[in-house]
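> Sequence:
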Amino acid sequence: MRHFTVRRGGVTIPVSRGGRGRPLVLCPGLNSTQADLYRLTELLRRDHDVVSFDLRGHGLSSAAERYDFDAFLGDLVAVMAALEVSSPPVLVGYSLGADLAVHYASMSPGSVAALVLVDGANPLPEPFITDVDRAEFRALTQHEAERGKGVDLVRQVSLSAQEIFELGLEMDVVRAGILERYQGIDAPVHMIMSSSIAGDSDAGRAPRHNRLWRRGVERLVQELPDTSVSWLDADHRLVFTHASDIAEIVRRACGSRSVSRPAP
Numbered sequence: 001m002r003h004f005t006v007r008r009g010g011v012t013i014p015v016s017r018g019g020r021g022r023p024l025v026l027c028p029g030l031n032s033t034q035a036d037l038y039r040l041t042e043l044l045r046r047d048h049d050v051v052s053f054d055l056r057g058h059g060l061s062s063a064a065e066r067y068d069f070d071a072f073l074g075d076l077v078a079v080m081a082a083l084e085v086s087s088p089p090v091l092v093g094y095s096l097g098a099d100l101a102v103h104y105a106s107m108s109p110g111s112v113a114a115l116v117l118v119d120g121a122n123p124l125p126e127p128f129i130t131d132v133d134r135a136e137f138r139a140l141t142q143h144e145a146e147r148g149k150g151v152d153l154v155r156q157v158s159l160s161a162q163e164i165f166e167l168g169l170e171m172d173v174v175r176a177g178i179l180e181r182y183q184g185i186d187a188p189v190h191m192i193m194s195s196s197i198a199g200d201s202d203a204g205r206a207p208r209h210n211r212l213w214r215r216g217v218e219r220l221v222q223e224l225p226d227t228s229v230s231w232l233d234a235d236h237r238l239v240f241t242h243a244s245d246i247a248e249i250v251r252r253a254c255g256s257r258s259v260s261r262p263a264p
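Each residue of the sequence shown is one higher than the one before, starting from 1 at the first, in the UniProt record's numbering.
Calculated directly from the structure, the hints in this document are not laboratory data. These figures come from a predicted structure and were not determined experimentally. Some hints could be false.
Taking lysine to any residue pairs in the SDA-like style, the calculated list, with each CA pair at most 25 Å apart, reads [as the list claims (entries may be wrong)]:
#1 Lys149 / Val217
#2 Lys149 / Ala63
#3 Lys149 / Val11
Each pair of labels, with its calculated beta carbon distance range [said to hold, decoys possible]:
#4 Glu84 / Glu136: 40 to 50 Å
#5 Glu136 / Ala176: 17 to 27 Å
#6 Asp202 / Glu84: 14 to 24 Å
A virtual CB, placed ideally from N, CA and C, is assigned to each residue, including glycine.
Please construct the entire structure, taking both the sequences and the accompanying hints into account.
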């Protein structure tokens, strides 16, 4: 294992690297850290030289003045620029990290060997968060903000509930235009998606969110048929509950463009 630091605009980003094989960069999502993704990282290191890091305001990264999408994208760009690799890496992104990966690959042709997108970067046909959802989403962000202020430094998240809320609204805007970003990518794209991103309840807004999540993927595959998709019977916590499944899909997907499982 090697540990080093990337600095960007006053933000300090801790990076870890270890494993053997093809280079792979793992980009975490909102409210997730290197420590949270430890199990998945260890599994991927069996076959890859894995680079992991914390986004600004997460884990051991320093806090920042900005927590919008472009600021997080800049963190990924800075980490990628600091790497010394013999060949373009596989770029794996979870949730927000998947959206960052798509944007990075679209603006840096030839920079990645393949993209593996875990439950994110979904070109939704309509906003995920409507006026009806705002109160529920605000309560969820309050819970996430409180959970992130624990005593475990490697898992701490500095973002406030309001900053998480605003970023969630921004992500609907980002995903409304992400299909165009996909069209500029010159590497294989593999998606690993949860069948029930909002949980398996038949009550409340969960059914609508789950249907919308599936429709977004169907839209992408219709526009870009070479995109491969693996569905897991899970919610948005799939990187924690299904780490071994995800690692195996990554392993196979990086050797073939045709990996796919039928939706459950």
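> It remains to establish, for every hint, whether it holds in the given structure.
The hints, checked one at a time:
1. Lys149 / Val217: Violated: Lys149 and Val217 sit about 34 Å apart, past 25 Å.
2. Lys149 / Ala63: The given pair, whose Cα atoms are some 13 Å apart, holds under the 25 Å limit.
3. Lys149 / Val11: 19 Å, holds
4. Glu84 / Glu136: 40 to 50 Å: 45 Å, holds
5. Glu136 / Ala176: 17 to 27 Å: Taking Cβ atoms as reference, Glu136 and Ala176 lie about 21 Å apart, which means the hint holds.
6. Asp202 / Glu84: 14 to 24 Å: Between Asp202 and Glu84, where Cβ atoms are some 51 Å apart, the hint is violated.
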